[in-house]
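Visitor: Once you've looked at the hints, go ahead and assemble the two chains, each given alone in its own frame, into the complex.
From first to last, the protein sequence lines stand for chains A and B. Positions 1 to 260 (this note's numbering) are the ones given, in order, by the first sequence. Positions 1001 to 1215 (this note's numbering) are the ones given, in order, by the second sequence.
Accuracy of the hints is not assured; some may be wrong.
[Unchecked claim] List of simulated lysine-lysine pairs, BS3-like, C-alpha gap at most 27 Å:
#, chain 1, residue 1, chain 2, residue 2
1, A, Lys103, A, Lys6
2, B, Lys1097, A, Lys103
3, A, Lys6, B, Lys1160
4, A, Lys103, B, Lys1121
5, B, Lys1022, A, Lys255
6, A, Lys16, B, Lys1022
7, A, Lys6, B, Lys1030
8, B, Lys1097, B, Lys1121
[Said to hold, decoys possible] Residues on chain B that point at chain A, a partial pick, calculated with CB under 7 Å:
#, residue
9, Gly1053
10, Val1054
11, Glu1055
12, Leu1056
13, Trp1070
14, Gly1076
15, Gly1077
16, Gln1079
17, Phe1090
18, Arg1093
19, Gly1096
[What the hints assert, rightly or not] Far from chain B by the CB rule (all over 12 Å, computed), these chain A residues:
#, residue
20, Gly33
21, Arg53
22, Arg80
23, Ser88
24, Leu120
25, Val138
26, Val162
27, Tyr192
28, Val233
Keep in mind the hints are simulated off the structure, nothing from the lab. Glycine residues also receive a C-beta, built at the ideal position from the N, C-alpha and C atoms.
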Amino acid sequence: MSALAKGWDIQIRVIKALMLRELTTRFGRENIGFLWVMAEPLLFAVLVGILWRAMKGPFEFGVSVIAFTVSGYIPLVFFRSTIGRAVSSFTANGGLLYHRQIKILDLILVRFIVEFIGHLMAYLFIAVVLFAFDIFPVPYDLGFLVLGWLYYALFTLAITLVVAPLSEMSEVVEKFIPVTTYMMVPFSGAFYLVSSLYPAAAEVVLWSPPVHGMEMMRYGVFGPSIDPQFDFVYPLEFCLPTLVLGLVLCRMVRKRMVIE
Amino acid sequence: MITCENLRKSYPSGHGRREILKGISFSISKGERLAVLGRNGAGKTTLIKQIGGVELPDSGRIIRSMTNSWPIGFNGGFQGSLTGYDNARFIARIYGKTYAEMRDFVEDFTELGGALRQPVKTYSSGMRARLAFALSLGIEFDCYLIDEVILVGDQNFQRKCHVELFEKRADRAMIIVSHDMGTIRETCNRGMLIHEGRATIHEDVAEAIAAYDSL
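Next up, chain B with everything else stripped away, as it sits in the complex (with noise of 0.2 Å):
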């Protein structure tokens, strides 16, 4: 379980900061799937990065009793100057994990081929996106953070993603953030809006949608 009390943010803003995160809390446990849902920087990413440990609250805390993933998104976990392929040893060294297995995983899930061997910048922000899958799919967390990258790609790289996340995976906990109702509709089980630094959980994630509509 991952539990957050309270969680408050803010950033520099001019000579004061504004406060992104108002005092959020809420709690996420193996098997469930929440959407965060909310307007363009109402600070979906804030709070993924808060619960992920990219970034430390102003006040509150967070309790982990599961491993969570890095948030996986278009940046962020891999390194622009490195090639996929050293990406892949980097993160399987750090978690204790073998290349060799890291590797396969990498070039059987992402399909790359040669790219692999070119430094991250050079690709687009669909290879991107299959590389940051395959990253974190290649250590096994009981909580994943996906911060917008669901979902994108082709069909084929849709497919992969379903069957890795949602059918290998089903009994983990999953942090969702995307724009994509339909997907939202489709994978999560229960919905959190952020609107004006405060979050309401609905236990059911077509409800969440609706107050999201109605913003």
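Excised from the complex, chain A in its bound form (with noise of 0.2 Å):
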């Protein structure tokens, strides 16, 4: 086997090994096991659906409060609980590296693609419910909705690639990430069509990237009458960059970590 094929084998063994241990020790075998992972967005966003539903009425922006609503929670809750698994990951997993195939971006890659899939099939789930109800409509097209989960996902990754190796080089970075993650609400575009907004407000969630996505998504279900603003390229230009920088500060921590 070449050198190269054999490092393929590897990764995916170690992914693999870390998925099934991440689920078995966060989710028991018990019950419903590793369908928990559903759980809290569903939980979210019906609660918050709901709220909306008895604050503003049956319909906001011309679709269905309660389908617009889950449909921009479901993705912050994603982009909030990650960033909020990834602080301190190292520490809390340094045994692990005991293991020389196992990588400190093992780590951080296993637990992402965890809520990965787990916020996206609450998303899934509870759409497929509301659409029985008939609150939540047919996708206008599916390519959008898919492109637009990848952009915020990509964001999602490009950011605990920062935050996981600096809450490890500082406490202050540890202590301010729920608060700061609070404050990217309104920067996430979950609560609003960027259409709908001021001109100057409007131009300046769109430096938010995670607005790009969640745009892309919303078009991709509800249609060209919620008239979308997005680009495909500023997020790139954002989140690639934050990428390479999170690589970079991984390799430093790493360097420095000392493990018992």
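Guide: Okay, here's the thing in structure tokens:
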């Protein structure tokens, strides 16, 4: 086997083993097991959906208010919980680094993948249930829905890669993360359409990469009536350098890590 | 062969850093059993961790042309929150071995019985040592890194360790940290004394022990 194929083989093996381990340690093997991964986002989405329904009536921006809230809130919860789980994830999993084939990047990646799959499943599940009650539309363009998720996920991964090593370097960062992710709410695009904002405000929020992903998703679900505002290139211009910065930081932290 | 060239390692200490290893060089080949001697805090475990790749040295190089185990000790290599079986499953997965084989070996070697279904954090240190050895002997390595846990536990377990390590795997390399000079004299054929961050290699292990005693 060539060195590359062998490396790939090990990589897949490690990711698989870590995923299974993460699922068993977090959710256990009892009752619904790893399906719990959907529970939190579902609960959040349902409660916030009901709250908005009560406050705003059945429609918002010409579409079902519940569908609108849920489609915005689940990706936001995904972002926040992924960042939350990345904080201090190296120290928490230091013992795993006794095995040389496990890299700290694998630790981040695995947690990211588990969150991504879990929230995607929650999104799908709730969409199907709401569809049965005629509250959620058949997606106008499934491709854009998926693309929007991928843009959103790329942004989340890039930020995770920076936050995880920074939280190891400084306790101040660690303490500030929850507040900062909360401040992200208005910049996530979850609760508005960019086209409904004042032009000045729209200009500001479009500097935030996840807003573009969110608008793509919304277009994919609701179609052109919501007048989506997004750019394909700008989010990449932000995310790719951030990703590289994250990789550099991870390398620096690994070098200095003290493992019991 | 595993070759270390001029390894240096420091840890944060107060506002500065304290250098534990101040340039250590040596190499070990198959069939050699190297004892690492030194006072508490001399840097024996630190050295083993660098060789195992658990931590990375500040400078210097480690060239590995044979596979090496993770440092086998009371901690590390397994996870306290998981059960013995779960740990065996995880290790089997990441090292590409079938779980059935691993499970049978672990059950047979550790004789822990039902305790394998309990989280490892509930184990005594003797039980941990058994599990640690079983997990690492379940995977074949060219070089085993053994940190302090050698020949702990009861007579029966000691005999098993002896057979598995020094008889069945006599052709492998081993780096052994221990304060038990009897064991060292019996099992090792080379010695390294770490003192004040530097290492002296003795090709005769008795010489190394004598040097250690005279510290």
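Visitor: Now, for every hint given, state plainly whether the structure supports it.
Guide: Structure-based check of all given hints:
1. With a C-alpha separation of about 16 Å, the suggested pair A:Lys103 and A:Lys6 falls inside the 27 Å cut-off, and the hint holds.
2. Restraint check for B:Lys1097 and A:Lys103: the C-alpha separation of about 20 Å stays at or below 27 Å, so the hint holds.
3. With a CA separation close to 34 Å, the supplied pair A:Lys6 and B:Lys1160 exceeds the 27 Å bound.
4. Our distance criterion of 27 Å between C-alpha atoms is met by A:Lys103 and B:Lys1121, whose separation comes to about 24 Å.
5. The hinted pair formed by B:Lys1022 and A:Lys255 meets the criterion: a straight-line CA distance of about 17 Å does not exceed 27 Å.
6. About 39 Å separates the Cα atoms of A:Lys16 and B:Lys1022, which puts this hinted pair outside 27 Å; it is violated.
7. Under the criterion of a C-alpha separation no larger than 27 Å, the hint pairing A:Lys6 with B:Lys1030 is consistent with the structure, at around 24 Å.
8. Taking the CA atoms of B:Lys1097 and B:Lys1121, the gap is about 25 Å. The hint holds against a cut of 27 Å.
9. Annotation: interface hint on B:Gly1053 holds; nearest CB of chain A at approximately 4 Å, less than 7 Å.
10. Among the interface hints, the one on B:Val1054 holds; its C-beta lies about 5 Å from the nearest C-beta in chain A, closer than the 7 Å criterion.
11. Interface hint status for B:Glu1055: upheld, as the beta-carbon distance to the closest one in chain A is roughly 6 Å, under 7 Å.
12. Residue-level restraint check for B:Leu1056 holds (minimum Cβ-Cβ distance to chain A is 5 Å; threshold 7 Å).
13. The beta carbon of B:Trp1070 comes within 4 Å of a beta carbon in chain A, closer than 7 Å, and the hint placing it at the interface holds.
14. Here the hint on B:Gly1076 is kept, as its CB sits about 5 Å from the closest CB of chain A, short of 7 Å.
15. A least Cβ separation of about 4 Å between B:Gly1077 and chain A falls short of the 7 Å threshold, and the interface hint therefore holds.
16. Satisfaction of the interface hint for B:Gln1079 is found here, the shortest Cβ-Cβ separation to chain A being roughly 6 Å, below the 7 Å cut-off.
17. With its C-beta approaching chain A no nearer than about 6 Å, B:Phe1090 sits inside the 7 Å limit, and its interface hint holds.
18. The criterion of a C-beta within 7 Å of any C-beta in chain A is met by B:Arg1093, whose closest approach is roughly 4 Å, and the hint holds.
19. Hint status for B:Gly1096: holds, given a least beta-carbon distance of 6 Å to chain A, under 7 Å.
20. The beta carbon of A:Gly33 sits about 14 Å from the closest Cβ of chain B, which is more than 12 Å, so the claim that it is off the interface holds.
21. Listed as outside the interface, A:Arg53 is consistent with that label: its C-beta sits roughly 41 Å from the nearest C-beta of chain B, beyond the 12 Å cut-off.
22. At roughly 25 Å, the least C-beta separation between A:Arg80 and chain B is larger than 12 Å, which holds for a residue marked as non-interface.
23. Every C-beta of chain B lies more than 12 Å from that of A:Ser88, the closest at about 16 Å, which supports listing it as non-interface.
24. Every C-beta of chain B lies more than 12 Å from that of A:Leu120, the closest at about 25 Å, which supports listing it as non-interface.
25. For A:Val138, the non-interface assignment is confirmed: its Cβ lies about 41 Å from the closest Cβ of chain B, beyond the 12 Å cut-off.
26. Remark: the non-interface label on A:Val162 is consistent with the geometry, its nearest Cβ contact in chain B lying 21 Å away (cut-off 12 Å).
27. Every beta carbon of chain B lies more than 12 Å from that of A:Tyr192, the smallest distance being close to 42 Å; the non-interface claim holds.
28. Even its closest Cβ contact with chain B, about 37 Å, leaves A:Val233 beyond 12 Å, as expected for a residue assigned away from the interface.
The earlier numbered hints that this structure contradicts are 3, 6.
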